[in-house]
Amino acid sequence: MGGLQKKKFERGAATNYITRNRARKKLMLSLPDFRRLCILKGIYPHEPKHKKKVNKGSTAPRTFYLMKDIRFLLHEPIVGKFREYKIFVRKLKKAYGKTEWSTVERLRENKPTYKLDHIIKERYPSFIDALRDIDDALCMCFLFSTFARTGKCHVQTIQLCRRLSVEWMNYVIASRSLRKVFISIKGIYYQAEVMGQLITWLVPYQFSHDHPTDVDYRVMATFTEFYTTLLGFVNFRLYHSLNLLYPPKLDAKTQSELKEEDEEDYAMDSESYIEKLSALSASLARVVSSADEEDAELDQFPVEGEDMEKMEAREKEQKQQEAQRKMFQGLKFFLNREVPRESLAFVIRCFGGEVSWDKSICIGSTYDVTDETITHHIVDRPNIDKQYINRYYIQPQWVYDCVNAKILLPVEDYFIGVTLPPHLSPFVEEKEGDYVPPEKLKIMALQRGEKPANEQEEDNDEEEEEDEDDEEEEEEDDNADEEEDDEEEAEEKNLKEMEDKRSQGKSLQVKVTPGKVKVENPARLEQEEKAEEKRLAIMMMKKKEKYLYDKIMFGKKRKVREANKLAAKRKAHDDAEKAKKKKARK
Amino acid sequence: MEESSSNVLSSEKPGKMKRTKKRSKGKEEEQEEQVFNFNKPADEGDDDDLSDSEDSVYSGLEDSGSDSEEGEEEEEEEESHGDDGEDEDDAEGEQSQQLQTEVKKKGSEGEEEKKADEYEHDSSDEEDIRNTVGNIPMEWYKDFPHIGYDLDGKKIYKPIRNKDELDDFLDKMENPDYWRTVHDKQTESDIVLSDEQVELVKRLQRGQFGDVNFNEYQPSVEFFSNEVMLHPVTNRPADKRSFIPSLTEKEKVSKLVHAIKMGWIKPRRVEDDSRGRYYDLWATEDSSILAQHKMHLPAPKIPLPGHQESYNPPPEYLFTDEERTLWEQQDPSDRKLPFVPKKFSSLRQVPAFPRFIHERFERCLDLYLCPRQRKMRVNVNPEDLIPKLPKPKDLQPFPTTQSLVYRGHSSLVRSISVSPSGQWLASGSDDGSVRFWEVCSSRCMKTVQVGGAVKSIAWNPNPSVCLIAVALDTVVLILSPSLADKQVVLASERLLAGQQEEEPSEGAGPVWSEAEGEELNQGIRLKIQHPKAIHQVAWHAKGDYLASVMPDHSSHLQVFIHQLSRRRSQNPFRKNKGLVQCVSFHPVRPYFFVATQRSVRIYNLVKQEMTKKLQANSKWISSMAVHPGGDHVICGSYDCRLSWFDLDLSTKPYKMLRHHKKAVRGVAYHRSYPLFASASDDGSVIVCHGTVYNDLLQNPLIVPVKVLRGHVITHDLGVLDVTFHPTQPWIFSSGADATIRLFT
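Here the protein sequences line up with chains S and X, keeping their order.
Under numbering that gives the first Met the number 0, the first residue of the first sequence is numbered 0, with each subsequent residue one higher.
Under numbering that gives the first Met the number 0, the first residue of the second sequence is numbered 0, with each subsequent residue one higher.
Because the hints were derived from the structure by calculation, they are not lab data.
Note that CB positions come from ideal geometry on N, CA and C, so glycine has one too.
Treat the hints with caution; some may be incorrect.
[What the hints assert, rightly or not] Not everything, but these chain S residues come out facing chain X in the computed CB check (under 8 Å):
no.	residue
1	236
2	396
3	422
4	432
5	436
6	438
7	440
8	544
The shape of chain S in the complex, shown without the other chains:
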């Protein structure tokens, strides 16, 4: 025996975790400062495996941080800055209280500031890491850039966010890396592929925000502070990877063109410059002026077998991507004033189209409505008075749908006043067994290169035929019913006759009919056998595995059920539509 009794919670999991309050005390920070530090350093609570052990036997709900993380925070230089700032605020208050304005001024001049560069480098050791995490940064910057200058956050922040988001959009245009766009009820989703990373961001619609009261803007502002720094560095790197100047400069040629037109509308040159950039209509200046960027072609390596197939598939994909990138090349768009200009200009320019708008909407329009070479005029109103004959008047959804379908869709469905086809999410990838909306099937058929117009006609024909068929069928059904009735009647008659005969004591004619051989389907039998085998095997499963198996199967069944439900709903809707159409026709 002998030795000291081991105390509980002095080793193991209990020492690896620390509660939030204790962490805060250890760092000697107030809660807001601790929160800010956690946001900036990317420290988040961890859920321990055995909560009771970590919580020293108690089951009270607590948030736990890793002890290591907190120790890591101890050495953060920013903590010192936080304390300095606290002191600064205290001094400033005192000076205000004593109305010592010179002191106030002096203090203000020495306001402590901090930089986040090292934190970014620490949190994202490589550039790819940063790109992977840029989604949230983009969403936040785009949101903040739409804020009005109402005091919810600093005006400088809003301006910075706007600048950075414009830079980002310009980069995406220059690199032509946009892949998917989706107009949702929340806003517009964009997905770009930058250096192999899929980056998705959400841009709210251009409306003033109804600022909610139950949102803590300080938290958002701290996040934005971090995100703007991150986005700035990412932008810098991305611009340099394309040999573009950073901060972005407009191409000299376009710049001069723009200058002539719009100079008088804007008071300051600096003011108009960001506007011109955000117009997204001009290309950017490059460090090394190369006329056309040449894509690195994949070198041909001698490969065999499967690799060959893979290679071919990859090449094919690349070709397709290339085609998508140049989808709008040579097309000239004109945006009417009611369509979302920024979004459309961004998308069209990303795919090589030329775009312009009315001069009064925004700076940077390059040609007028009257330009005869315009091919597509994007309109979002029921009708338009003056129409030019040599251009399509289409609704804005066409552009987005084309991008998602990766081909130029037929414009007929998108003319002015036409009921638009549904806008589908490009992010949904249907697996086997999932419900696929018929519109998606149609688009997929188009992608494969089948003819849409004929199909539609066929569809119509088919529909009509079907209608006729239905009618016929109905008639047939009626006939059948009648026939059945007839048969029954006949049988009854026979029976009656037989009974009559019996009562009369006459012998019945007994008929022996040859029996039919039941044809057994061997395949079906085999299938049944297999199913039974499986059933029996399932019976022999262990309890744990059975539970898991049941869970998986339940999930699968639910999926099927949901798909079926959607399909049924669609069918009901289509039927209703058809009925309506029929009625209208009559």
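Starting from the known structure of chain S, arrange chain X on it as the hints suggest.
Positioned in the frame of chain S, the structure of chain X alone reads:
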């Protein structure tokens, strides 16, 4: 104009000052200077008045009146225009000197007659000086005939004014100078302003300088310019303080120096613009930092939107009315979608999303507040979970199809038993009959009405006799169905007959009696009357011993073992060890299995002791069967389980099979084939393959091979009993639907 008054306009403040000099006549000549500030308000003018009156005191103006001449005045005016002094005092001094000289030249005259004249012409402010009443409020003398006193203390009388309103009016109408007549309160006289004075007033009203000739825009002379002049502007010697360092200044500086030294004041920071400047942060990527990030769990990305989030989704994704109400009723955390899908006919109609900022904020909260945990996602193919078992096809033979149905009973068939030869099947039913069937033809050969619900029936396993034990109510009947060879029937008769020596039965023990009359004709040979209702009977393999079970909580009289040849009964247990469910004899050795509610006890009949207690992990054992080898036992229980015990292995079940959905009613082993079966209330009989190896190290292999269905569930009861054919891989089952079925 008056000769004594003169206007001097200083060049520095032109038009603002007016100096007036007066000369008194009666006394020595004195000069008075009056400075009037035209631009100043009236109260300042009062001050001037004060000085005027003082002057006038000395001048003795009342007596002398005015001694000035017009010519003189003009001269003075000219002079005053001529001299422009920047310094007031100097100018005044000069002026007074000049005036003095003039006065000396011209001499002084006093004329009293001229006074009226004087008042007539006088329009300037200064003429009131003639009156020496002083600067007092005139209303003091309102009611008196005089307006004050002169130097000698004599009253100065008001001029006689006999003008009334009518005169005034007439005057206004007739006098062309009325508009320029001013009433002077101090002297109580009317003054008519001259043209010049009117002009002056007008100019002042317009805000112009009083002097017409004054040039307000004349170039100023720069005294303190960059040019070093020969002479100093002022010749004043420098102050002492200008070359002695200031003490207060020193104090202030030393304070600042101290503060800087102590670090209280920091030097102004150099404007640091590197905050907003970006550079290539990842120019040198070092992997050393990467090591810190082992525990880092990146936050999951926001799930991408589906079709239902579209502004123009396909119609099937929109909510129906029920779905919508359901969505509204649900708690926000339970909702599948955080929004209601909506359809807009065009992009222009899409409004702002009201919860946009909320969602972003929630994402922020998730990022820094939500505890993260690495969760291993099981990505298993469900097919892999299914155990790999030998194919049932390889484990044949086993019963697969229902081939015969034995109908005849009118109520549920509780128990069935097959003759050792395998030719006959006996069944006992709740309708109070025992029926004997031929197995192959499904014909009912014999029906014995026993007059009570048959609880259990068991065919004697000894092939050399043909006897059946039937349990009903409190009686065990021994039947001789005489369905065998003559010899066998005779042998059984012999067995029943050879037990004549009957011992006197104990008090509570069963009573043996022989059947008579009608019953004898039906084949009933013996009756063993028990004290309580019997639940089950079981034969020993040799066919001489018979055990009967009377489940009872409170008594130790639950099991009797009867010896047929000696017509003797005995109670093997002295104590109540729980409710006995069923009993069984070991097929080879002298062991006796007793299944109570939760466990199976194995007794050694020779040593009269308990050898083993098997724990069936179930709530209520319903049935039990012993493997023909004797080393394995299966127990069915009412909680749907079937437990397989390996007696060599453990007292715990080797395997629990939960194949049935409802209570297991009966279990059976095949005598020769490695098969066992269980019957359940869910109407199914499950046949399993259960190979038992002679090698002790190898565990039995249990594979379910067939689920047999056929019985109809009536009154929530399905299959009640199950038994195998002794030689063929066939199985019989009896059910609550009053049928017996044979599966081959």
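How the hints compare with the structure:
1. 236: Holds. Min distance 6 Å.
2. 396: holds (6 Å)
3. 422: At about 4 Å, which falls below the 8 Å cut-off, the nearest Cβ of chain X leaves the hint on residue 422 (chain S) intact, so it holds.
4. 432: violated (14 Å)
5. 436: holds (4 Å)
6. 438: holds (6 Å)
7. 440: violated (11 Å)
8. 544: With a closest approach of 5 Å, the residue 544 (chain S) hint holds.
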